[in-house]
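A.B. asks: As a plain string of letters, each chain reads:
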Amino acid sequence: MRYLPLSDADRREMLGVIGAAAIDELFRDVPEEARLTGPIDGLPMHASELAVERHMTKLAAKNMVAGQVPFFLGCGAYKHHIPASVDHLIQRGEFLTAYTPYQPEIAQGTLQVLFEFQTQVARLFGCQVANASMYDGSTGCWEAIGMARRITRKKKTIISSGLHPHYVSVCNTMARFTGDVLETATPELTAETDAERLIAAIDGETSAVVVQYPDILGRITDLKPIAEAAQAKGALLIAVVTEPVALGAIKSPGEMGADIVVGEGQSLGVGLQFGGPYVGLFACREKHVRQMPGRLAGETVDAEGKRGYVLTLSTREQHIRREKATSNICTNSGLCALAFSIHMTLLGEKGLRQLAALNHARAVQVAERLAAIPGVRLVNDSFFNEFTLGLPVEARPAVHAMVEKGVLGGVSLARLYPNVDALRNGLVVAVTETVTDEDVDALEAALKEVVA
Amino acid sequence: MTINQSGWKPAAPIAGPGDIGTTTGNRALMLEEALIFEIGDTETTGVDIAGAPAVESRLGALARSAEIGLAGLSEPETVRHYTRLSRQNYAIDLGLFPLGSCTMKHNPRLNEKMARLPGFADIHPLQPRETVQGALEVINELAFWLIDLTGMHGVAMSPKAGAHGELCGLLCIRAALEARGDAREVVLVPESAHGTNPATAAFCGYRVESIPATDAGRVDLEALKARLGPDVAAVMITNPNTCGLFEPQMKEISDAVHAAGGFVYCDGANFNAIVGKVRPGDLGIDAMHINLHKTFSTPHGGGGPGSGPVVLSEALSPFGPLPYTARTKDGVVHLIEEEQADEFSEEHFGGALQSFGRMTAFHGQMGMFTRALSYILSHGADGLKQVAEDAVLNANYVLRSLEDVLDAPFAHSGPCMHEALFSDKGFADGVSTLDLAKALIDEGFHPMTMYFPLVVHGAMLVEPTETESKAALDQFIAALRSIAERARAGDAALKSAPVHAPRRRLDETLAARKPVIAYRTPAPDGADLPTPSPVGDR
Chain F
1 MRYLPLSDAD RREMLGVIGA AAIDELFRDV PEEARLTGPI DGLPMHASEL
51 AVERHMTKLA AKNMVAGQVP FFLGCGAYKH HIPASVDHLI QRGEFLTAYT
101 PYQPEIAQGT LQVLFEFQTQ VARLFGCQVA NASMYDGSTG CWEAIGMARR
151 ITRKKKTIIS SGLHPHYVSV CNTMARFTGD VLETATPELT AETDAERLIA
201 AIDGETSAVV VQYPDILGRI TDLKPIAEAA QAKGALLIAV VTEPVALGAI
251 KSPGEMGADI VVGEGQSLGV GLQFGGPYVG LFACREKHVR QMPGRLAGET
301 VDAEGKRGYV LTLSTREQHI RREKATSNIC TNSGLCALAF SIHMTLLGEK
351 GLRQLAALNH ARAVQVAERL AAIPGVRLVN DSFFNEFTLG LPVEARPAVH
401 AMVEKGVLGG VSLARLYPNV DALRNGLVVA VTETVTDEDV DALEAALKEV
451 VA
Chain U
1 MTINQSGWKP AAPIAGPGDI GTTTGNRALM LEEALIFEIG DTETTGVDIA
51 GAPAVESRLG ALARSAEIGL AGLSEPETVR HYTRLSRQNY AIDLGLFPLG
101 SCTMKHNPRL NEKMARLPGF ADIHPLQPRE TVQGALEVIN ELAFWLIDLT
151 GMHGVAMSPK AGAHGELCGL LCIRAALEAR GDAREVVLVP ESAHGTNPAT
201 AAFCGYRVES IPATDAGRVD LEALKARLGP DVAAVMITNP NTCGLFEPQM
251 KEISDAVHAA GGFVYCDGAN FNAIVGKVRP GDLGIDAMHI NLHKTFSTPH
301 GGGGPGSGPV VLSEALSPFG PLPYTARTKD GVVHLIEEEQ ADEFSEEHFG
351 GALQSFGRMT AFHGQMGMFT RALSYILSHG ADGLKQVAED AVLNANYVLR
401 SLEDVLDAPF AHSGPCMHEA LFSDKGFADG VSTLDLAKAL IDEGFHPMTM
451 YFPLVVHGAM LVEPTETESK AALDQFIAAL RSIAERARAG DAALKSAPVH
501 APRRRLDETL AARKPVIAYR TPAPDGADLP TPSPVGDR
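Heads up: the protein sequence lines correspond to chains F and U, in order. Quick note, the first sequence lines up with residues 1 to 452 if you use our numbering. Quick note, the second sequence lines up with residues 1 to 538 if you use our numbering.
Possibly wrong hints are sitting among the right ones.
Here are the simulated DSS-like pairs of lysine-lysine, each with C-alpha atoms no more than 25 Å apart in a straight line [claimed, not checked]:
id	chain 1	residue 1	chain 2	residue 2
1	U	Lys495	F	Lys306
2	U	Lys514	F	Lys306
3	F	Lys58	U	Lys113
4	U	Lys113	F	Lys62
5	F	Lys287	F	Lys233
6	F	Lys287	F	Lys224
7	F	Lys155	F	Lys233
8	U	Lys251	U	Lys225
9	F	Lys154	F	Lys233
10	F	Lys156	F	Lys224
11	F	Lys154	F	Lys224
12	F	Lys156	F	Lys233
13	F	Lys62	F	Lys405
14	F	Lys287	U	Lys514
15	F	Lys224	F	Lys155
In short, the hints are calculated from the structure, not lab data. Bear in mind the structure is a predicted one, so any value in this text is a computation, not a measurement.
One chain only, chain U, in its complex shape:
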């Protein structure tokens, strides 16, 4: 059947100032594209499938009779649909993407090619071990370098993303505390932390308490020390922190937390600033997740998949999840699953290995491991050090080039790390950070992170990364300077930006008030048909 019974009509062209309407709604290379449910139907397929041999069905009474309602397109229509949609996205491949805390660096295509080698892409997670030795070597090799780069003791490779890694780290901490019969209830999180930190701590059953920052944008060590006690399980610190600053007292913080019997979790989202320069293990950190999709260049893919291995200190290493990766005294790294866990524990941990269990069905994000390993080998020890240095250099260049037109709340306290933080102080009344961000879109840039960290009013967090050339930075700085000047002058036109994007500002309030999160087949008269109600709806 035709899913869209009314037939698709292109969106009515809207002529605005300087905008010449077209009958299609298209504007040259900017092509409007309807939903697959509006252009496809249930009778069309873009795949040729061999006929099924006649057999006696084993589906019994459960054979499907009802229509699913899936729209199909021919292959050419499919390619065109997704190609058109792709062109409505901004991407690193198109230009500077200075999203603070996200490390939008170039994604090398060598990584893509390596991940697609059939020896990695076309192997099953439950194949007998003797048939996947190369895959296990990739995991071990990457684990080895991650341990080396961080100066830690072990690494849990299976977490699927940064937030999953945070969960892994906190579960290790909780398991370690439980193993010593120490029921602590509180996790301390700085005000400036990513939202995932308190969400993760709460998920693990901890009460979250906030610790304040100093005027210099760092953790208030005295306030932290005053709060530490026998009820504090862990402190979650981001270092470099979300203000783009290194916590110079990190070692003192770790020592104080350890003295009080707690553990230090480090959010490794900003590891790109220090990779190859500083080893978190030397700062007393017990657990830190590494976003392979940030520091190690695996693609963000429009929101995942990520990968968040967690490096662990000696104290936490015995508690990591299965499958488990650890370096033994002979220097060899091993990947351990349930069936070898006891034997391995006896042999190498004196029986102390007490994994808290699985976090995911298989081995983690293998496809990201091959990419990250390709990246690490490409850069090598010298290249990774240069990555951190260029990332920090680029951010400071942006900071110092704009601090005369944009308020930089912590610039007085010295250099930043890999991201430059600005505020909306000095903007004319009625002009906001959002307006500035949207105006950047018209200039051909992706906006910076807005309104984060929460500790700075109207925050703008700019992370250029090391893969931007000086020419690209100069163009970005010039554009941002001009917009900042307009913001200070109160240019009302900023309120209507963007005007050159595929869409003008979108009504997010409407979307949340009357959520439409699935396509509904319209009735012939234009009214919506009710959604088919599943059996037993109460």
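Isolated chain F, as found in the complex:
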């Protein structure tokens, strides 16, 4: 067994040092009747690297690979080109096989990366501070609602109909157990977002308003009036960004007054990976930092006065505060945060802006072409790299019919809202820099056929 270095001779010698005649003596605390007498049933015996590789490769081959077909899916996970050095660097064993940096003297690499990551996220979101990452955007969104409750001491949260329905579902799950009251709504296939409804709904009982930017249909809305309305009633604005590349082209939520900004960092460095692992981004105002969940890297000095980094403000956390902690979160998404940070460093301000401009321009071109198909309507006035089409037919079968033609043509809203009849004809299309002219031709042709 290639992962086990002990030889039988080692084992015998070590048992001798311990003073045990056989390995089972070391398991004597396990009641006899609970001990398995042989290898577990059903599971095959150990296998060579080659055999495992064959098995896994066979399974992988059954999937339609995004990079090998015309691909237009978004809705919370985006396909961007990841520079080769990102994956090379995150596979360095010193990053890959390190633990949470509990011994800072020998974890300065991870700690400095987290400090840089926090700074990048804070600046991108237009906030003062950010944490060292969350599991993903959806769990970060829930944590933000909990944080707002701790700050405002109120329990009602108004959630925009433009928030990703899986995120809403995660929040609803948690609210069932914490007593938070969430006001939710389903979106409509209109160019207008529900900003006015949100503003009207804010009252003295409101803890927070949650708005996705750009939203699930790809629409972008000015957050400033919502922030002002919330703050006038003592509530917080939580902005949710599922496509951080957008912030290279549009104003940041912090700039428009959001109090907490959370996001999904998958777009940069991480890849699609069928939904995980991803990396949650979490930023807020400095004055609220002690209510923020998650790990934080902070600057300090060592005994010789040299600059260094440590995990800090851990009195918020479970291993110190136990049942009084701000969150039960323990692990963050360190390696994905590293990938995000490396990709962001490679891009820099200039590259991110170029990338965002390219995404937007491609999306505008594709939207115009698809909207010209008879019967197809572009729902959005505004969008970044993702928009919604109203089809003359139901979108879900249309998506399946396009798969038959080898095109992954978008996400049908029926997949996300299976019980909402009014959204059945909605198709959300994402266009990134990875889309070629041939891909667009293929999508246009496929869509023309399926709506005809």
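For chain F, the structure is supplied; the task is to place chain U on it using the hints.
C.D. replies: Same frame as chain F, but now just chain U:
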């Protein structure tokens, strides 16, 4: 613009005893590295991006005008920056990493290769099901083996990490209790538990009460029985426990909790000690999370991502989160999302499936599933059993090799499982567990877990794992023995350890008192510029 307007100056070299200062602050292979915000600027990029075609913008009034302040580096500078930083980290790939309760075992590179197959790495979570059958098979296959290895009934695959798994397990318990109209308020947690246990219970709205341990480091069964009653929703037990010991009365504990109408949650952090040897389902456990990043070798990545599937008993299975994985009577494992939930429930659960909802946006940590499945298939039934046996053997070898110089509070009660627990008893006045840990750094080892579990003074929890050779253990034992002897003798030099690491001891108090958690651009005169204040700051 240049972000660091003052220009970067290397840290002043500091000459200490035996340390020859250099002008750069570097010491041969140990290279100092400034922040990206100090060496990069907003005009540099390491990526060539095609120009954007001219179109009519759809961004309206929201087009960005303000600068973000992101530093860019060229590709060679980027590779060098992160390579230099990586060399300031200790890692399993470098040496023994005996962090108790963390199971820092070798991370096979086959796992990495498999997770990167485009068929797994480059598929979207919302692709139509007919285009991702292989991915669903991976989830089902892993779910199948996890159920088999634990003797449980179902498994929730979506939790993102151990603590998320704990949350999942407790939410299942709460949902099951609510479904029978039983509003219980209390969760019992042993004193020695991981901090995540009480934090999770409190998060789910439960009042947490502590249960004491016996002198032998086990749960006090009589005290537990005395506390059980109609208000106790669940007991959270770690088994093997955080003292590195198996709870021999686990089945009695489960039976007592069940008799009182409660559920048993098991923290599976220490499953590595018993995988392939004992099935938690046979011990009466109702829910247990499995840290794929511990027992099943997915990399820790400097603090995540982890993955924490939760295996569930028959009683809890109907309440798991969506997407939901369960084995039906015909032996087939199914992955169910919202849209199939009702139909599936009617067909296989007699309509009893009552999922408490989603815990995360998509299917969980797919990238970790492919790694864990590769690992399970590599080891197989015989290999996994050997994993547990070697992990326990290595820990006992460390325990018995050092108990004459380090106090081992529970060694008298018999063998340990996969981790050896020591205390600071016998150290000279003024020498602490922390000092010993820092001295281990100078010897080229990562320290053990310190000051945990809380029930032992100055605790040191050593988990060598099964992937250490006898030679590596012997070297570690010799180093720890020598440091322990110095600690007993009161060697004052221990207080200044480490001296050979990239940094000396860091001032954590300063970091917490005046938190600096984001880089601030210095002004030309050296004073900090105020952080740009977002609009509407109150």
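A.B. asks: Give a verdict on every hint.
C.D. replies: Here's how the hints hold up against the structure:
| no. | hint | verdict |
| --- | --- | --- |
| 1 | U/Lys495 x F/Lys306 | holds (18 Å) |
| 2 | U/Lys514 x F/Lys306 | holds (17 Å) |
| 3 | F/Lys58 x U/Lys113 | holds (14 Å) |
| 4 | U/Lys113 x F/Lys62 | holds (17 Å) |
| 5 | F/Lys287 x F/Lys233 | holds (19 Å) |
| 6 | F/Lys287 x F/Lys224 | holds (20 Å) |
| 7 | F/Lys155 x F/Lys233 | holds (14 Å) |
| 8 | U/Lys251 x U/Lys225 | holds (13 Å) |
| 9 | F/Lys154 x F/Lys233 | holds (12 Å) |
| 10 | F/Lys156 x F/Lys224 | holds (21 Å) |
| 11 | F/Lys154 x F/Lys224 | holds (22 Å) |
| 12 | F/Lys156 x F/Lys233 | holds (12 Å) |
| 13 | F/Lys62 x F/Lys405 | holds (17 Å) |
| 14 | F/Lys287 x U/Lys514 | holds (13 Å) |
| 15 | F/Lys224 x F/Lys155 | holds (23 Å) |
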